[in-house]
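Q: So the chains spell out like this:
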Amino acid sequence: MNGLERDKKVYGVLQAISEASRCLNCHEPPCSRDCPADTDPGTFIRKLKLKNIKGAVRTIKNNNILGGICGALCPTERLCMKGCSASGIDRPIEIGKIQRFLVEYGWETGFDAIQKKGFGKGRIAVIGSGPAGLACAAELAKNGYGITIFEGREEAGGVLRYGVPKFRMNTEFVERELEDVFALGVELKTSARIERGGADRLLSEGFEAVFIGTGTWSPARLDIPGSGLVNVTDSQKFLEGMRSGKDIELASKIRGKNVAVVGGGSVAMDVATTCATLGANKVYVIYRRSLREMPADEEDLDLALAHNITLRTQSVVTDLLGEDGVLTGLKGIETDWKSLGDHSAAKLVTVPGTEYSLKVDFFVRAIGMRSEEANKGLSGLVEDLPNGLVKTGDDGVSTTNKRIFVGGDAARGPALIVQAVQDGKKAAECIMKILEENKSGGGACE
Amino acid sequence: MTGKDLSIEMCGVRFPNPFLLSSSPVSNTAEMVARAFDRGFGGAVFKTVHAGRTKIIHPSPRMAGYDYESQKLVGLQNVEQISDRSFEDNLADIRYLKKHYPNHPVIVSIMGFSEEEWGLLARGVEETGADMLELNFSCPHMTVEGSGMKVGQAFELLESFTRIVRENTSLPIIAKMTPNITDITEPALYAKRGGADGISAINTVSALVGIDPDTYIPHPNVAGKSAMSGYSGPAVKPIGLRCIAQLAQCKELDLPLSGLGGVETWIDALEYILCGSSTVQMTTGVIHYGYGIVEDMIEGLSDFMDSKGISKVSDLVGKAVPNIHPTDAFDLDYQGVARYDLDRCVGCGQCYIVCRDAGGQCLGWNREERRPIPDDGKCVSCMICSFVCPVSDPPMISYEHVPGKKEIVPPVSS
Chain A
1 MNGLERDKKV
11 YGVLQAISEA
21 SRCLNCHEPP
31 CSRDCPADTD
41 PGTFIRKLKL
51 KNIKGAVRTI
61 KNNNILGGIC
71 GALCPTERLC
81 MKGCSASGID
91 RPIEIGKIQR
101 FLVEYGWETG
111 FDAIQKKGFG
121 KGRIAVIGSG
131 PAGLACAAEL
141 AKNGYGITIF
151 EGREEAGGVL
161 RYGVPKFRMN
171 TEFVERELED
181 VFALGVELKT
191 SARIERGGAD
201 RLLSEGFEAV
211 FIGTGTWSPA
221 RLDIPGSGLV
231 NVTDSQKFLE
241 GMRSGKDIEL
251 ASKIRGKNVA
261 VVGGGSVAMD
271 VATTCATLGA
281 NKVYVIYRRS
291 LREMPADEED
301 LDLALAHNIT
311 LRTQSVVTDL
321 LGEDGVLTGL
331 KGIETDWKSL
341 GDHSAAKLVT
351 VPGTEYSLKV
361 DFFVRAIGMR
371 SEEANKGLSG
381 LVEDLPNGLV
391 KTGDDGVSTT
401 NKRIFVGGDA
411 ARGPALIVQA
421 VQDGKKAAEC
431 IMKILEENKS
441 GGGACE
Chain B
1 MTGKDLSIEM
11 CGVRFPNPFL
21 LSSSPVSNTA
31 EMVARAFDRG
41 FGGAVFKTVH
51 AGRTKIIHPS
61 PRMAGYDYES
71 QKLVGLQNVE
81 QISDRSFEDN
91 LADIRYLKKH
101 YPNHPVIVSI
111 MGFSEEEWGL
121 LARGVEETGA
131 DMLELNFSCP
141 HMTVEGSGMK
151 VGQAFELLES
161 FTRIVRENTS
171 LPIIAKMTPN
181 ITDITEPALY
191 AKRGGADGIS
201 AINTVSALVG
211 IDPDTYIPHP
221 NVAGKSAMSG
231 YSGPAVKPIG
241 LRCIAQLAQC
251 KELDLPLSGL
261 GGVETWIDAL
271 EYILCGSSTV
281 QMTTGVIHYG
291 YGIVEDMIEG
301 LSDFMDSKGI
311 SKVSDLVGKA
321 VPNIHPTDAF
331 DLDYQGVARY
341 DLDRCVGCGQ
351 CYIVCRDAGG
361 QCLGWNREER
371 RPIPDDGKCV
381 SCMICSFVCP
391 VSDPPMISYE
401 HVPGKKEIVP
411 PVSS
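One line per chain: the protein sequences are A and B, in this order.
Mapping of the first sequence onto our numbering: residues 1 to 446, in sequence order.
Mapping of the second sequence onto our numbering: residues 1 to 414, in sequence order.
What the hints contain is simulated information worked out from the structure, not anything from laboratory work.
Just so you know, even glycine gets a beta-carbon here, dropped at the ideal spot from N, CA and C.
Any given hint might turn out to be false.
As the list claims (entries may be wrong) - From the structure, some residues in chain B lie toward chain A, with a derived Cβ separation under 7 Å:
{"id": "1", "residue": "70"}
{"id": "2", "residue": "347"}
{"id": "3", "residue": "350"}
{"id": "4", "residue": "352"}
{"id": "5", "residue": "353"}
{"id": "6", "residue": "357"}
Stated by the list, open to error - Straight-line Cα separation of at most 25 Å, PhoX-like style, residue types lysine-lysine; simulated pairs:
{"id": "7", "chain 1": "A", "residue 1": "347", "chain 2": "A", "residue 2": "331"}
{"id": "8", "chain 1": "B", "residue 1": "72", "chain 2": "A", "residue 2": "97"}
{"id": "9", "chain 1": "A", "residue 1": "49", "chain 2": "B", "residue 2": "72"}
Chain A extracted, bound-state conformation (with noise of 0.2 Å):
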């Protein structure tokens, strides 16, 4: 199916060297300059098109242990692509796959490019094996810290494995990834998830700093009448349910049946691709703005809308319906500006007139993310916010207490991969900083 082959390989050595070699090789490199997790493209490209592959790997690699992961499901047309100087020749070079085949290279070829530059350092916990906790556990493991990742779920990776569909990234890819972080002597403990005040408590058994990057799990809510019918659900426990065993059962609901999706950012659009995928009869992208204002990557808006899908935009749900406890359909009205000019949400209006109805079988809500109630409150030294994230120093990932260290999510809300990369590499600079002055009694992180 159209653009589904994004989870292959997308590129041979010549194809990847073919691509390389309409690089400008820019003095100071717009996209070294824009990656958040300082992957230096401008680099790693130069590298290749001289034919020292293995040095591109080394560069992609020590500079970001998720490398791989970035290629495939960075939205780079807004990062390193977006100021590449061949847009003024003719279009910018594919970044992401370059860095993707690079990575894979690497490992099909064997070839460890990841320097350990210490050994025998103190012992530091991450909380949370998403993007944010496995690079601030690698950086901090290759510079000779032990590291203990406490993971809550059964398996590793967070939002990588639990969050993003197959067809953007399949198991085998993101595992062999997180092979990188863990072969670096991280130790990972899985269903191990820490309650409120662990991360004190992990202090206290002897770890020098705590990094918490558990990341946004609770999906907002609708509050609207049926919301408890049976096929409601939302983002998270579909997308999860897709990837952990429920998949069957799932594709069971959606084959031939009517799904709708309400939400415009890239998580909608990866839930509506996936329930056409599955077979859907009819899916719904429901949206309450206007194509202009849809946060949605316009690559996954893409491949959503050539799976056929069909978009509401500037329409809300206000009820669902059922029969015997089960979803049977939605009742929904269009909505506008109060005035044009201020397209922001609040000074959204329902019209009158307008409203419809559409029979659905499916219902799920992929409106965003917050912080998960069971993460709150995970240090009693630490200031929480009041929508559940951790307080966070100009830094953005020190607190208010000076061994314990946030990224990502958990610092951000619902934000890209790599800038939770970039947090958890920001955060374990700090912590050896912190740790490296403590001993010649210094002060905090800038």
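Since the structure of chain A is provided, determine the placement of chain B on it from the hints.
A: For chain B alone, coordinates are given in the frame of chain A:
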């Protein structure tokens, strides 16, 4: 396809157009040459025939490509030998071609392994109705000792073999030269003294396209052994052009020339013609793209001639030769600058890098705008910035003469 008359005469033979197959795998059999004629080739040099007394076996494998970045076959190395067919089979094929394609000249490349064989070959080929002979004095990787390039490097031997052929045929003779020599005009003059009517150049350049880093065996790997052998394709064109121009400039030689080495496009062919070739030959271009390349040569050269108001190909032959001088003829008071059309700059900064690391260190860099800052007063007009600049049609960086400008000499570090 335009219907323009591209015909040209060389050594008294009229060719429908100047584009010929050279003696190689692409002119191995009559069936192949016939298809090339059908596609538009104006003639062919039939792959080197021999008298059949020495067994010829091609090494396996026999070729290796040379790629640049993702561009395949920028060059090609081969250890293929002359024809592995019998003399009789080759003669039969040549007769077939002359019967079915009477208006397409067939030049037959020959190689003898003794004086007697050269005579035998000349007589045998003439009987087929072939139009010319080309003497292979230039194959750089013959497995038969003392043949090919070895003859081309032993001038007196070359002259005597030419003379034997001359005595055994009335057909025009062209001698094919090796570039693996200091001055290509020297053996050409010996060939002329032996009775050659024309010269073809260049045969392949002796080379090594690369070495397998795992086995240390160069390509092609023939059961664990490799050899320095013939290198062809676009990478050798500049060498071929130089050799043809040297032959064209040699007043004492004054013979018609057939140029070859890296011809793929009509522009390549035109360049050989402008350097003095009456006909141009090709192999590697065909190995890369097939016989169809001749259609683009015919169309391209026709359009070019129309745009210049030129009616005969012969009017182009040698037109660049008077413009090729010894470097001491240059006017060194003529200086200039690299002129930048910055409105079209895409901001890659490659010009800044190369000027800093390989040029005159005259460019500044505006980091915010991502633009080079040219300084005419420091520019040495080396123009390497324009070679890396990706903006074309027309180039964003161009040379501009600056009357009265003095040469720029780098300052001493202090």
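Q: Now, for every hint given, state plainly whether the structure supports it.
A: Hints, verified against the model:
Interface restraint check: residue 70 of chain B against chain A, minimum CB-CB distance 3 Å, threshold 7 Å, status holds. Checking residue 347 of chain B against chain A by beta carbon gives a least distance of about 5 Å; that is within 7 Å, so the hint holds. Residue-level restraint check for residue 350 of chain B holds (minimum Cβ-Cβ distance to chain A is 6 Å; threshold 7 Å). Annotation: interface hint on residue 352 of chain B holds; nearest CB of chain A at approximately 5 Å, less than 7 Å.
Annotation: interface hint on residue 353 of chain B holds; nearest CB of chain A at approximately 5 Å, less than 7 Å. Given hint, residue 357 of chain B at the interface with chain A, is violated; its Cβ is 11 Å from that chain's nearest Cβ, farther than 7 Å. Of the supplied pair hints, the one linking residue 347 of chain A and residue 331 of chain A holds, its CA atoms being roughly 21 Å apart against a limit of 25 Å. Restraint check for residue 72 of chain B and residue 97 of chain A: satisfied, since their Cα atoms lie roughly 22 Å apart, inside the 25 Å limit.
Distance check on the hinted pair: residue 49 of chain A and residue 72 of chain B sit about 15 Å apart at the alpha-carbon level, within 25 Å; holds.
In this structure, the one hint that does not hold is number 6.
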